[in-house]
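For chain A, the structure is supplied; the task is to place chain B on it using the hints.
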Amino acid sequence: GAGVSQSPSNKVTEKGKDVELRCDPISGHTALYWYRQSLGQGLEFLIYFQGNSAPDKSGLPSDRFSAERTGGSVSTLTIQRTQQEDSAVYLCASSRIPTANTEAFFGQGTRLTVV
Amino acid sequence: GQQVMQIPQYQHVQEGEDFTTYCNSSTTLSNIQWYKQRPGGHPVFLIQLVKSGEVKKQKRLTFQFGEAKKNSSLHITATQTTDVGTYFCAVGAGGTSYGKLTFGQGTILTVHP
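The listed protein sequences derive, respectively, from chains A and B.
By the count of this note's numbering, the first sequence reaches residue 118 at its end, each step adding exactly one.
By the count of this note's numbering, the second sequence reaches residue 1453 at its end, each step adding exactly one.
Chain A with its partners taken away, still in its complex shape:
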């Protein structure tokens, strides 16, 4: 595609429900990153993929968070039993090669609100 696409753009969910956030990276981009950004805060690293594998999952806040990537393309971030502190904007980015030496392109983000 022309850019990184994330869906939904906004999600309001009740505490305790599960949510799935989707990221469709730029075609051909090998690396895919997930970040979380709370209001007025920085970018908190969650996980990144090289192809379909995730070399570093250290940023996932708890075992309620998981992510997968299939076919070296689309990625899904799943949050189980959502809590109010999960409310944030979840940003996905992709880059052409997984060396952190190339520009990362960001999607518009999914704004998650847990009520």
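Please keep in mind that the hints were generated in silico from the structure rather than gathered at the bench.
In this text, all values refer to a predicted model and were calculated from it rather than measured experimentally.
No false leads were mixed into what you were given.
Under the rule of at most 25 Å between Cα atoms (straight-line distance), these lysine to any residue pairs were calculated in the SDA-like manner: (1) A/LYS18 with A/GLU88; (2) A/LYS60 with A/GLY31; (3) A/LYS14 with B/PRO1379; (4) B/LYS1376 with A/ASP27; (5) A/LYS14 with B/ARG1378; (6) B/LYS1376 with A/ILE29; (7) B/LYS1409 with A/THR105; (8) B/LYS1410 with A/GLY62; (9) B/LYS1376 with A/GLN111; (10) B/LYS1376 with A/THR105; (11) B/LYS1410 with A/GLY45; (12) A/LYS60 with B/THR1368; (13) B/LYS1410 with A/GLU106; (14) A/LYS60 with A/THR73; (15) A/LYS60 with B/GLN1445; (16) B/LYS1409 with A/GLY45; (17) B/LYS1396 with A/GLU106; (18) B/LYS1376 with A/PHE108; (19) B/LYS1376 with A/LEU24; (20) A/LYS60 with B/ASN1371; (21) B/LYS1397 with B/GLN1420; (22) B/LYS1397 with A/THR105; (23) B/LYS1376 with A/GLN44; (24) B/LYS1376 with A/SER30; (25) A/LYS60 with B/SER1370; (26) A/LYS60 with B/PHE1385; (27) A/LYS14 with B/VAL1384; (28) B/LYS1376 with A/GLY6.
Chain B in isolation, oriented as in the chain A frame:
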């Protein structure tokens, strides 16, 4: 993992004044990237620095990479209201986390007309 400290956290300037944000690392960096995030938007890549002592310019923006490759700065000359936003530096990790891109805390710039 790779960590960078970015200062200041906030900067308020009058239009026409200069602005600088700094990123510092305790370890030598292979490269550093800079991004800008407009209010309500997503981060957008500005530039990447790779060489020791490198200086790059983009119109009113000047980017520097320290001689020891442990620090970097972004300087904006004569700020304009269009410069408003959050500026982030980002660094890559090595070892088993090769490819991981970690961002500094960001500097929020406001420009008063």
